[in-house]
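**Student:** So the protein sequences, as listed, match chains B and L.
Take the first sequence: its position 31, counted from the start at 1, is 31 in our numbering, and no numbers get skipped.
Numbers in our numbering are just positions in the second sequence, counted from 1, shifted up by 1000.
You may find that some hints are simply not true.
[Unchecked claim] Computed cross-link-like contacts, SDA-like style, restricted to lysine to any residue with a CA-CA straight-line distance of at most 20 Å:
hint, chain 1, residue 1, chain 2, residue 2
1, L, 1041, B, 115
2, B, 107, B, 11
3, B, 110, L, 1060
4, B, 102, L, 1088
5, B, 107, L, 1045
6, L, 1036, L, 1066
7, B, 102, L, 1060
8, B, 107, L, 1051
9, B, 107, L, 1066
10, L, 1041, B, 68
11, L, 1041, B, 25
12, B, 102, L, 1051
13, L, 1041, B, 11
14, B, 102, L, 1083
15, L, 1041, B, 6
Source of the hints: derived by calculation from the structure; they are not laboratory data.
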Amino acid sequence: AQKITQTQPGMFVQEKEAVTLDCTYDTSDPSYGLFWYKQPSSGEMIFLIYQGSYDQQNATEGRYSLNFQKARKSANLVISASQLGDSAMYFCAMRELGGSEKLVFGKGMKLTVNP
Amino acid sequence: ETGVTQTPRHLVMGMTNKKSLKCEQHLGHNAMYWYKQSAKKPLELMFVYNFKEQTENNSVPSRFSPECPNSSHLFLHLHTLQPEDSALYLCASSTRLAGDPDTQYFGPGTRLTVL
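Hey, can you work out the whole structure from these sequences and the hints?
**Tutor:** What follows is the structure, encoded as structure tokens:
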């Protein structure tokens, strides 16, 4: 069964600094996709970045990059130059591409950016 | 309107009431999803519709009744709810195209309180 683990309940970072949010996963499917979402206090889940299991390079999207270490089964999100608007809940999710429709989410972690 | 919209944004109802949540996606997607997000719990998938056909019912109680009249609209009919059903209900959509990561895009959610 697929599983996502986010062990950091909360993190604090100073504005303009970089921060890494941890995510580990477990799956027996060799083909899978990893996603990161941001959820501000308003409630909407905002898609940030995607990494496929066969992608050769780490995904990047603006200030977001994904540190994908396949052998360690980790997919950490790196936010560079944090902004106050980055304060939110962050969720890591995975979908096995072998046929399952389920996008399985981790418990999330709260990031607070301090001025 | 763009993206995924949900109405109402907030709903308070008694246990004997009947109400409906509405979701509409303007992305031309083929699949739509209902999720439940309770406090301090991971996001739970409730229902999946592909091309208007229900393909997933994640053991959801019958007091929740989904309806998908077309690929752009999704409803969740509520009746005889319990206080523990109070949660944020999120709708999402995705393309469901072969070879696509099938990223799910979410609406802003309906925050439901059952008295």
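**Student:** Determine for every hint whether it applies to the structure shown.
**Tutor:** Structure-based check of all given hints:
no., hint, result
1, 1041/L / 115/B, "violated (30 Å)"
2, 107/B / 11/B, "holds (14 Å)"
3, 110/B / 1060/L, "violated (28 Å)"
4, 102/B / 1088/L, "holds (19 Å)"
5, 107/B / 1045/L, "holds (14 Å)"
6, 1036/L / 1066/L, "holds (13 Å)"
7, 102/B / 1060/L, "holds (15 Å)"
8, 107/B / 1051/L, "violated (30 Å)"
9, 107/B / 1066/L, "violated (25 Å)"
10, 1041/L / 68/B, "violated (25 Å)"
11, 1041/L / 25/B, "holds (17 Å)"
12, 102/B / 1051/L, "holds (16 Å)"
13, 1041/L / 11/B, "holds (19 Å)"
14, 102/B / 1083/L, "violated (27 Å)"
15, 1041/L / 6/B, "holds (12 Å)"
Hints 1, 3, 8, 9, 10, 14 from the earlier list are contradicted by this structure; the remaining hints agree with it.
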